[in-house]
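Sequence order for the protein chains is A and B.
To convert, note that position 154 of the first sequence is 135 in my numbering; the numbers rise steadily by one, no gaps.
To convert, note that position 280 of the second sequence is 261 in my numbering; the numbers rise steadily by one, no gaps.
Some hints could be false.
Treat identical chains as interchangeable: a pair holds within one or across any two.
Stated by the list, open to error - List time: in silico DSS-like cross-link candidates among lysine-lysine, alpha-carbon distance up to 27 Å:
id, residue 1, residue 2
1, K158, K26
2, K223, K287
3, K33, K255
4, K105, K226
5, K110, K120
6, K101, K120
7, K(-3), K146
8, K(-3), K133
9, K223, K133
FYI, nobody ran anything at the bench for these hints, they're computed from the structure.
Just so we're clear, the structure is a prediction, and the values are computed from it rather than from any experiment.
Number of protein chains: 2
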Amino acid sequence: MKLTVLGSSSALPTSKRFPSAHVLNAHERLFLIDCGEGTQMQLRKCSIKFGKINNIFISHLHGDHIFGLYGLLSTFNLMGREKTLSLYAPENYLPMLHSHLRDFDINLNFEIEFVPLKGKDPFKIYEDKYVTVTSFPLKHRIEAYGFLFREKPADRNILKDSILKYSIPTLRIPGIKKGQDYITEDGRIIKNNEITISPDEPLSYAYCSDTMPFSRLAAFVKGVDLLYHEATFDGSMTALAKQVKHSTTIDAARTALKAGARTLMVGHFSARYKEINGLVEEARTLFPNTIPAIDGTTYNIGDLAKKP
Amino acid sequence: MKLTVLGSSSALPTSKRFPSAHVLNAHERLFLIDCGEGTQMQLRKCSIKFGKINNIFISHLHGDHIFGLYGLLSTFNLMGREKTLSLYAPENYLPMLHSHLRDFDINLNFEIEFVPLKGKDPFKIYEDKYVTVTSFPLKHRIEAYGFLFREKPADRNILKDSILKYSIPTLRIPGIKKGQDYITEDGRIIKNNEITISPDEPLSYAYCSDTMPFSRLAAFVKGVDLLYHEATFDGSMTALAKQVKHSTTIDAARTALKAGARTLMVGHFSARYKEINGLVEEARTLFPNTIPAIDGTTYNIGDLAKKP
């Protein structure tokens, strides 16, 4: 799993920070999470292939999380896209999208499969061979959702030497990869852990923006490898954060701590912060393994998880 | 007059070229012309003050010329703007803007004065002490307009020495600046050109995008100092240009030639051109004083006009 941050600003972009958008690469599936203005230009700068994006997740309907979608859809169209695009967004976005396409007389030459986000509990919205995606409610000024991406446990890796040593027939290999022991022709039981090794641990990534802190959030992202959590403000601005239903660095660090996350990534920084080192340092006082979201940077979640 | 190019791409932006947007600074009034996606980020990069933008001109309702407007309006709002914003756009944009604001539950804390663009002839849409702006029809797949910005002729500059020499009273100075001769107390006539010098020539800038070539266009921009003209394609692609109602470098150069423009700036380049030198060179074969539009660059129109 690799995460590319396309935008780390809150509502007001700066000369260095674009509005919210992340791309998660999980087994070469690209999941676009939020789509702030300029997302398509950031995708170009990061040399990310537009054609590999088949799923777009919109956390909530504030402009800094969605105003890039119009340009991106038009670009998909101009590039001749025909593949269906799955779009996960709050339910009331569908009529808005339709009226936009009608107003601008845009005839998409591909289908949009619209998956409405809803509910007060985590809800599985995507599943394939390798990954599941669950949405969960956040607490913001308007309806908002977070997303949890989880790799499925991979099969065990069979040792090539043991195939030769015990003359294991091809037919038996799938079962052994699933954890079965191997019984030789003469009835000897070879324990699975003698002929296989464990696969890499499945990884997970959670996206929480925009939200104020609330008690259930940590449970929604329990044990996640990389927790992206908005930290619009520093700890001294708790009152303002509460008022506008955002989080501070301290809020983000507390949630990471309570959730037992391996790594915390803070982002969605207010334009008032020219430098963000102070925000990261503040989060680290509570949760040492904190990193900042930096536009145009790709993070290997497996590598982050290995760090002490 | 200074022109800053914020975006020089056509519909598909590239890693180096943003969609269409120009800022013209005329006597510290900032006129924003088109507002493609990412305009607000480009304004930040160019350190252009948002508060000085009071007039936005939208040539036509294709996304690459307007999708940045939503974010910019939201940003104006978040920055606490209260000043009225004048928006010049094709008539049918007003209901689209209203439905956008309603959909996203955006309450602007400033007024938008909407000026509908229309007509088959040039039409004065703005005038102040220093500048007039005229719209004129272009020829594209949908209703589209160009804009001509003209400085008004400035007053003549009175020579300070002559004020002392002839003891010219303050009351007479405005008249002399307008070109009157001065009559001394003893009845002597001092010719105006003995006591004043000519002001700088008034400058002009025209924006023509998107359009295919058509015969009246040159007349609309007759004698302009800087003609920005789209050149989406090179000369070998005339058939495609015609089909999608765009121009080639050759079309742009021909119009500049016919109009007697001083300088031609080509832009709105198709994403197929990684390098644009070839396009500029091609235009120069017909119209030598051609320059390319380059994102993030500011051009002094007075300096361009002085060149041979």
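- prompt: Broken hints, numbered, in rising order?
  reply: 1, 2, 5, 7, 8 and 9
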